[in-house]
Structure formats: structure tokens, C-alpha cells
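In our numbering, the protein residues as written are 1 to 157.
These aren't lab readings, by the way, just hints derived from the structure by calculation.
DSS-like cross-link-like pairs, simulated, lysine-lysine; straight-line CA separation at most 27 Å: (1) K100 x K129; (2) K125 x K100; (3) K125 x K103; (4) K125 x K61; (5) K44 x K34; (6) K129 x K102; (7) K44 x K61; (8) K102 x K125; (9) K34 x K61; (10) K103 x K129.
If you anchor each label on the Cβ, the simulated ranges turn out as follows: (11) I83 x Y50: 23 to 31 Å; (12) D107 x T70: 50 to 58 Å; (13) E84 x D128: 14 to 22 Å.
Glycine included, every Cβ here is placed at the ideal spot set by N, Cα and C.
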Amino acid sequence: MKRKYLIGAIVGFALIVGVAATTQQKGRYFDIIKNLEIFSNLYKEVNSNYVDEIDPNQIMKVGIDAMLATLDPFTNYFSESQIEGWRFRNEEGEASSGLKVKKIDMDLVITRIIEDSPAHSAGLKVGDKIISVNGETTEEDCRRCHGISSAGSRAVR
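Go ahead and model the full structure; you've got the sequences and the hints to work with.
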């Protein structure tokens, strides 16, 4: 008899805890949805009524950074361009300048620049020709690459 009461009490307690947890979880999701709706409405109002034009990417980044700053110093958000830049730098090695080049005819032409990289900061643009590096012309390097690639026996990596 005592055993039935004990089992009933345990089941009843588990049921109460389960219902309370579910209710609390629903309340949490309600709060999240409500706050996202408030944020969305405020963003729309600022976007349409603010005296100056706003940059949506900039204002979102500031909002995300401010939100995460309230947590801890280890929780961070990285944008797609930051992740792409990180991947590119790791592909190319630690000392990457943040650009890719391709030999077109006898010229080294920039084909890709990563945002916030040294190449980007220096003002280089896709399509620019690299004619010298640290005062040394790239002409001889291009000739060597052209000779190797036209022979067809070796690939330059």
C-alpha cells in the first residue's frame, strides 16, 4: 500500500515538474517572439522615419554586438565576410595579403580581394595589375610561369 502511494507521489511530482517546465518554456518562447516583434517594428520605424538614411547592415551589426556584449567576452558573432576572410587567410597561410592573382597573358592580375585584408586596406581592386612587389618587377616571374605553363610539363602552385 505504501508502495502505491510512493509511486503515485513520484508520478504526480514528475507530472507537475513536466507541466511547469513546459509552461515556462512556452513563456520563454513567447517573450522571444514578442521582443523580436518589438525590435522589428522599431527597426521599420527608424528606417522609414529617421532624418538620415541608415545602413541596415551597420545598424544590425551594432545591435548584435551590443546584445552579445551583455553576455560574456567569449560569445561572438562573425559575419559572412569575416568568415570568408578567415577561410581565405587560412587557405593561403598566416602571412596572406588577402588577395588572389591570376596570370593573364604576361600580367599578374588581381582576381579576388578579401574585405578588411591588407590588400583591401591598401586600396587594391579586382582587375588591378601587379607590376612590382617591394620595388622588384614581376615581369621575370611572369616569364618563368609562362615558360612552365606553355611547356605543359609542370604546374605552378
